[in-house]
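J.: Below, each chain spelled out in residue letters.
Protein chains: 2
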Amino acid sequence: MDNFFMNKALDQALEAYKLKEVPIGAVIVKDGKIVGRGYNRKEISFDTTNHAEIMAIKEASKNLKSWRLNDCTMYVTVEPCPMCAGAIVNSRIKELVIGTMDSKGGACGSLYNIVEDYNLNHIVEVRRGIMKQECSNIMKNFFKKLREGDKL
Amino acid sequence: MDNFFMNKALDQALEAYKLKEVPIGAVIVKDGKIVGRGYNRKEISFDTTNHAEIMAIKEASKNLKSWRLNDCTMYVTVEPCPMCAGAIVNSRIKELVIGTMDSKGGACGSLYNIVEDYNLNHIVEVRRGIMKQECSNIMKNFFKKLREGDKL
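Sequences listed follow chains Y and X, in order.
Residue numbers for the first sequence follow the working numbering, so the first one is 7 and each next one is one higher.
Residue numbers for the second sequence follow the working numbering, so the first one is 7 and each next one is one higher.
Keep in mind the hints are simulated off the structure, nothing from the lab.
Fair warning: there could be bad hints in the mix.
Note that identical chains are pooled: a pair holds if it fits in a single copy or bridges any two copies.
Straight line, CA to CA, 16 Å or less: simulated EDC-like cross-link-like pairs of lysine to aspartate or glutamate [said to hold, decoys possible]:
1. K48 x E21
2. K100 x E122
3. K14 x D123
4. K68 x E49
Let's have the full structure, built from the sequences with the hints guiding it.
T.: Structure, rendered in structure tokens:
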């Protein structure tokens with residue numbers, strides 16, 4: 007089941023890749039159904055808040071007509087940054103499934119661990135490394151092509 | 007000048023108060039002009055990402071047609087949470103002026119200090135305690151009335 011939904015998150019990452027955006031994707035699942043989808047579109051939208059996770063949270067909140075996403079699981083291809091980790095806590099998402107970690111700026115166990123901090127008002131259950139290789143490969147491929155000056 | 011713009015952020019907080027939202031407001035200033043405004047509207051919009059700071063960043067990015075807010079100063083009535091502190095770093099805001107601190111969940115010097123972390127790719131210049139009393143009073147008043155069951 008985890009692989010099925012992480013593949014859906016990877017589909018979202020691919021949408022970002024096609025737009026020459028850093029290929030990160032996310033889906034939010036409730037009762038076995040996808041209620042929110044998102045992919046990074048920071049550059050094309052001129053808006054740094056448009057990370058995959060924020061887009062998915064916005065869509066899920068709209069669909070469920072609630073900012074509380076208590077019974078939801080987010081699948082995201084790359085470890086969330088502080089902004090997105092904070093949004094995940096704020097939205098009370100129950101479970102977070104991460105593909106590959108971001109040792110430099112990740113805020114779910116790498117640089118910070120905002121999602122499992124008992125000082126905050128919500129603790130998220132986290133699983134890491136689901137389809138790690140696939141989630142990592144799409145990022146590596148993107149940055150390799152970017153360095154090579156390819157048109158992606 | 008700081009007091010002038012913090013008063014504008016307080017005007018935004020008052021808009022939130024009127025809607026029975028936690029009264030936090032923010033403005034973003036570039037070259038002496040306000041380019042983005044925001045107030046917390048989490049409850050009415052069913053969207054936990056709609057904090058004052060995120061709204062202001064979105065508006066400023068839209069107005070300036072760039073996600074990079076390098077030469078901008080944000081004035082915010084209350085210390086930003088992890089989500090908003092992360093968004094401030096992501097948007098490369100130059101200066102952050104904070105009214106009152108949030109010792110429980112603030113991420114700009116209290117629980118975390120995301121905006122002044124040399125491990126991240128941007129450091130924000132922070133000033134704290136500008137119109138602290140006014141920014142604190144509107145929050146205290148709000149929660150007092152909430153506890154009393156008033157209609158605000």
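J.: Each hint needs a verdict: does it hold in this structure or not?
T.: Evaluated hints:
no. : hint        : in the structure
1   : K48 x E21   : within (13 Å within a copy, 29 Å between copies)
2   : K100 x E122 : within (11 Å within a copy, 29 Å between copies)
3   : K14 x D123  : neither (28 Å within a copy, 33 Å between copies)
4   : K68 x E49   : between (24 Å within a copy, 12 Å between copies)
Of the numbered hints stated above, the single one contradicted by the structure is hint 3.
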